[in-house]
Amino acid sequence: MKYKYEKKTAKTVEQYFKLLKKGHVYANLPKALMVQAIAKFESELGKDEYFDAIYARTILGGDYPAEKQQKAFKIIADLAEKGNVIALNVMAVEYYNGQFVEKDYERAYEYALASHNKGYVVATANLGITYYSGRGVECDPKRGLEYYKTAAKQGVAAAQFRYGQALYEAYACGKDLKGAIKWFNKAAKQGNAYALRNLGHLYYSGEGVKQDYKKAFEYYNQSLENGLPDKYKGYILNKIGVMLANGYGVEKNALKALNYFQRAADLGESYGYYNLGVCYGGGYGLKVDSVKSHENYKIAMNMGHEDAAIQLGKIYPSFCPYCKSFDSVEREETALYSRLVCRKCGKNKSYDLKI
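If you read the sequence shown in our numbering, its first letter stands for residue 48, the second for the next number, and so on.
No lab work stands behind these hints: they were computed from the structure. All C-beta atoms in this analysis are idealised placements derived from N, C-alpha and C, irrespective of residue type, glycine included. Treat the hints with caution; some may be incorrect.
As the list claims (entries may be wrong) - Using C-beta positions, here's what the derived DEER-type ranges look like:
| # | residue 1 | residue 2 | range |
| --- | --- | --- | --- |
| 1 | G130 | E91 | 20 to 28 Å |
| 2 | K118 | C370 | 53 to 61 Å |
| 3 | D95 | D277 | 30 to 38 Å |
| 4 | K257 | D125 | 49 to 57 Å |
| 5 | K118 | E153 | 22 to 30 Å |
| 6 | D95 | K303 | 47 to 55 Å |
| 7 | L302 | K225 | 37 to 45 Å |
| 8 | C370 | E149 | 37 to 45 Å |
| 9 | K49 | N349 | 50 to 58 Å |
| 10 | K69 | E298 | 24 to 32 Å |
| 11 | K55 | E96 | 19 to 27 Å |
| 12 | L80 | E53 | 16 to 24 Å |
| 13 | Y218 | Q146 | 21 to 29 Å |
| 14 | E96 | K189 | 31 to 39 Å |
What the hints assert, rightly or not - No farther apart than 16 Å at their CA atoms in a straight line, the calculated lysine to aspartate or glutamate pairs in the EDC-like style are these:
| # | residue 1 | residue 2 |
| --- | --- | --- |
| 15 | K222 | E254 |
| 16 | K94 | D125 |
| 17 | K236 | E272 |
| 18 | K236 | E53 |
| 19 | K371 | D354 |
| 20 | K280 | E265 |
| 21 | K78 | D110 |
| 22 | K69 | D95 |
| 23 | K78 | E272 |
| 24 | K225 | E254 |
| 25 | K262 | E298 |
| 26 | K68 | E91 |
| 27 | K189 | E216 |
| 28 | K121 | E149 |
| 29 | K280 | D313 |
| 30 | K68 | E96 |
| 31 | K236 | E265 |
| 32 | K229 | E254 |
| 33 | K129 | D95 |
| 34 | K87 | E53 |
| 35 | K69 | E53 |
| 36 | K261 | E298 |
| 37 | K371 | E353 |
| 38 | K278 | D313 |
| 39 | K339 | D313 |
| 40 | K229 | E216 |
Whenever a hint applies, use it, and build me the whole structure from the sequences.
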């Protein structure tokens, strides 16, 4: 079977399995229908190694009970022993991430290489990761870049994003913003959350494209809808909140902005806490709640947000924004100046000459 790597979304379970039979290894199906597809997979387990591998990969990559995932991992491990290219690549991913086995970059590289040598281009992209990062093999970014490029050209969305990111960062190659945007767009069309996020950033700032807040807002939301990990989600939720609060590319809505700031803060995003401080301080026309404002500023400050420290310095005359200590600032008066100085760190909070 000749594999096809571009993501195709099916509208029915029947269409989904037809795409898989044609070699579309990343055929997609709405979550509401996936329960039916999983039941069909399970009713025919053991009849076809290809479908068994797709089923087990789906279970391992989804939100399923631990017992079900452990059984799926055993299926993958057994298929990998038989040389199944999809299973070999999944084993590479598992050893790289350390989810169901102890993390082992060298074994991850070996499995990815075995799958790549059998012509599975998703594994080619994963070889790019190993060489690019130097995990499991001697670091060779240029070689990694070539693997990314090869896989990207054959439609692997993750490789398209990574190749675009390399062109953007000018790592192991020259800076090529136009090329980066081209590959981000290709990956975004396949629902790659990272590429969608990056396009949001570019349209927000106007870097390499005409600034367009409306497009930025759409791309940010699409990145969330396509599974952007929590590690990065908080920053995007805060960004959407800022756009709602200011009416950038969307109708201004302070209450919705507050909700997004709270969701960002719940994920540990310091900017979310800072903007909650702004909102509860009366920003964007919302009702003042000084206690909540100060609480959120303090949390943001303790997470390293410098602007939060500055805001607290304005609120509390005795607070030092430099060493983050309360009740340490005192006014020092001389014939020439009046200044607020921290008795703990010695830095001046303010300095006014008497001339």
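Right, here's what the structure says about each hint:
1. G130 / E91: 20 to 28 Å: holds (21 Å)
2. K118 / C370: 53 to 61 Å: holds (55 Å)
3. D95 / D277: 30 to 38 Å: holds (35 Å)
4. K257 / D125: 49 to 57 Å: holds (53 Å)
5. K118 / E153: 22 to 30 Å: holds (27 Å)
6. D95 / K303: 47 to 55 Å: holds (48 Å)
7. L302 / K225: 37 to 45 Å: holds (40 Å)
8. C370 / E149: 37 to 45 Å: holds (43 Å)
9. K49 / N349: 50 to 58 Å: Between K49 and N349, where Cβ atoms are some 55 Å apart, the hint holds.
10. K69 / E298: 24 to 32 Å: Violated - the Cβ-Cβ distance for K69 and E298, about 44 Å, lies outside 24 to 32 Å.
11. K55 / E96: 19 to 27 Å: holds (22 Å)
12. L80 / E53: 16 to 24 Å: holds (20 Å)
13. Y218 / Q146: 21 to 29 Å: Taking Cβ atoms as reference, Y218 and Q146 lie about 27 Å apart, which means the hint holds.
14. E96 / K189: 31 to 39 Å: holds (36 Å)
15. K222 / E254: holds (13 Å)
16. K94 / D125: Holds - the C-alpha atoms of D125 and K94 are around 14 Å apart, at most 16 Å.
17. K236 / E272: holds (13 Å)
18. K236 / E53: holds (10 Å)
19. K371 / D354: Satisfied, since the Cα-Cα distance of roughly 12 Å is no more than 16 Å.
20. K280 / E265: holds (15 Å)
21. K78 / D110: holds (11 Å)
22. K69 / D95: holds (14 Å)
23. K78 / E272: Holds. K78 to E272 sits at ~12 Å (cutoff 16 Å).
24. K225 / E254: holds (10 Å)
25. K262 / E298: Status holds; Cα separation ~14 Å.
26. K68 / E91: Distance of about 14 Å is within 16 Å: holds.
27. K189 / E216: holds (13 Å)
28. K121 / E149: holds (15 Å)
29. K280 / D313: holds (11 Å)
30. K68 / E96: holds (12 Å)
31. K236 / E265: holds (13 Å)
32. K229 / E254: holds (13 Å)
33. K129 / D95: Holds, at roughly 13 Å.
34. K87 / E53: violated (23 Å)
35. K69 / E53: Since the Cα atoms of K69 and E53 sit roughly 12 Å apart, the hinted pair holds (cutoff 16 Å).
36. K261 / E298: holds (10 Å)
37. K371 / E353: holds (10 Å)
38. K278 / D313: Given that 16 Å is the threshold and the Cα spacing comes to 12 Å, the pair holds.
39. K339 / D313: holds (15 Å)
40. K229 / E216: holds (14 Å)
Checked against the numbered hints above, the structure violates hints 10, 34; every other hint is satisfied.
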